[in-house]
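Participant: These are the residues of each chain, in order.
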Amino acid sequence: MAALLPTDHFLIMLVYALLVSTFFSLLWAGERRARLRLFAKIFGALVLGGLAVAWLMYPFPK
Amino acid sequence: MSEIAAASPGRAWTAVLLAWVFPGAGHWFLGRRKRAIAYAVIVTATFLVGVSFQGRLYSPEAGAPLTLLATFAVFGSGILNIAARLLLDNPHGAILSVTYEYGCAFLLTAGLMNLLLMLDAYDIAAGRKE
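First to last, the sequence lines map onto chains S and A.
Residue numbers for the first sequence follow the working numbering, so the first one is 1 and each next one is one higher.
Residue numbers for the second sequence follow the working numbering, so the first one is 1001 and each next one is one higher.
Careful: at least some of the hints might be erroneous.
[Stated by the list, open to error] The following label-pair restraints were derived from C-beta to C-beta distances:
{"no.": "1", "chain 1": "S", "residue 1": "37", "chain 2": "A", "residue 2": "1087", "range": "34 to 42 Å"}
{"no.": "2", "chain 1": "S", "residue 1": "8", "chain 2": "A", "residue 2": "1089", "range": "23 to 31 Å"}
{"no.": "3", "chain 1": "S", "residue 1": "57", "chain 2": "A", "residue 2": "1082", "range": "36 to 44 Å"}
{"no.": "4", "chain 1": "A", "residue 1": "1100", "chain 2": "S", "residue 2": "57", "range": "15 to 23 Å"}
{"no.": "5", "chain 1": "A", "residue 1": "1128", "chain 2": "S", "residue 2": "61", "range": "49 to 57 Å"}
{"no.": "6", "chain 1": "S", "residue 1": "51", "chain 2": "A", "residue 2": "1127", "range": "39 to 47 Å"}
{"no.": "7", "chain 1": "S", "residue 1": "36", "chain 2": "A", "residue 2": "1062", "range": "44 to 52 Å"}
{"no.": "8", "chain 1": "S", "residue 1": "31", "chain 2": "A", "residue 2": "1013", "range": "23 to 31 Å"}
[Claimed, not checked] Stretches of chain A that chain S covers, calculated by requiring three or more beta carbons in the stretch to come under 8 Å of a beta carbon on chain S:
{"no.": "9", "segment": "1027–1039"}
{"no.": "10", "segment": "1102–1109"}
Simulated from the structure, these hints should not be mistaken for lab results.
Think of the CB as a built atom: it goes at the ideal place given N, C-alpha and C, for glycine as much as any other residue.
Extracted from the complex, chain S is given alone in its bound form:
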């Protein structure tokens, strides 16, 4: 299984966002359309939020 897993940071973040978004959309929404909408919202927030934080941290030295 380890060979199938990404080592690229962005891909790992996508995998995490996918799992978390799927989980919460199943947990919090009852109907299919509502689930898809919630999934898109959470996934978008995680991925775009992560990218935003990454860019905000960009000016800071290592």
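Starting from the known structure of chain S, fit chain A onto it as the hints suggest.
Facilitator: Frame of chain S; chain A shown alone:
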């Protein structure tokens, strides 16, 4: 506690306990079969990704109080956590691994997800949720 849970507390707490033992087991017990399978797949996948990334299965450490919280979170995974601790050569993870921090995040998330599933199982058994 709601009236329904008070009337059949055994059923509610059985669902909660099963939900802790294995992700989705509580929902399966309550008859939500499709949802149980979905939760089982998602939480188990998250846990296995964390193990594959060589994340750490936390245990309490003296002088590090946050490890208590981390241990509580990881133990939320139930039998997955226990089996991993017994079967893995190094349950402390590989701190020098590039994916170590990600592994820790995935393992903590899997445990916390399952804790939410325990609460959800109780809500369903108590009639608060369909």
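Participant: With reference to the structure, classify each hint as holding or not holding.
Facilitator: A quick look at each hint next to the structure:
One distance hint, 34 to 42 Å for the beta-carbon pair residue 37 of chain S and residue 1087 of chain A, holds here, with the actual separation near 40 Å. In this structure the supplied range 23 to 31 Å holds for residue 8 of chain S paired with residue 1089 of chain A, their Cβ-Cβ distance being about 26 Å. At roughly 37 Å, the beta-carbon separation of residue 57 of chain S and residue 1082 of chain A lies within the given 36 to 44 Å, and the hint holds. For residue 1100 of chain A and residue 57 of chain S, the hinted distance range of 15 to 23 Å is satisfied, since their beta carbons lie about 20 Å from each other.
Range check, residue 1128 of chain A to residue 61 of chain S: Cβ separation about 51 Å, and the 49 to 57 Å hint holds. The beta-carbon spacing between residue 51 of chain S and residue 1127 of chain A, approximately 42 Å, falls within the hinted interval of 39 to 47 Å. In this structure the supplied range 44 to 52 Å holds for residue 36 of chain S paired with residue 1062 of chain A, their Cβ-Cβ distance being about 47 Å. Range check, residue 31 of chain S to residue 1013 of chain A: about 29 Å between beta-carbon atoms, so the 23 to 31 Å window is met.
Residue count for the segment 1027–1039 of chain A with a Cβ under 8 Å from a Cβ of chain S: 3. That meets the three needed, and the coverage hint holds. Counting residues of the segment 1102–1109 of chain A whose beta carbon lies closer than 8 Å to any beta carbon of chain S gives 4, which reaches the threshold of three, so the coverage claim holds.
The structure agrees with every numbered hint stated previously.
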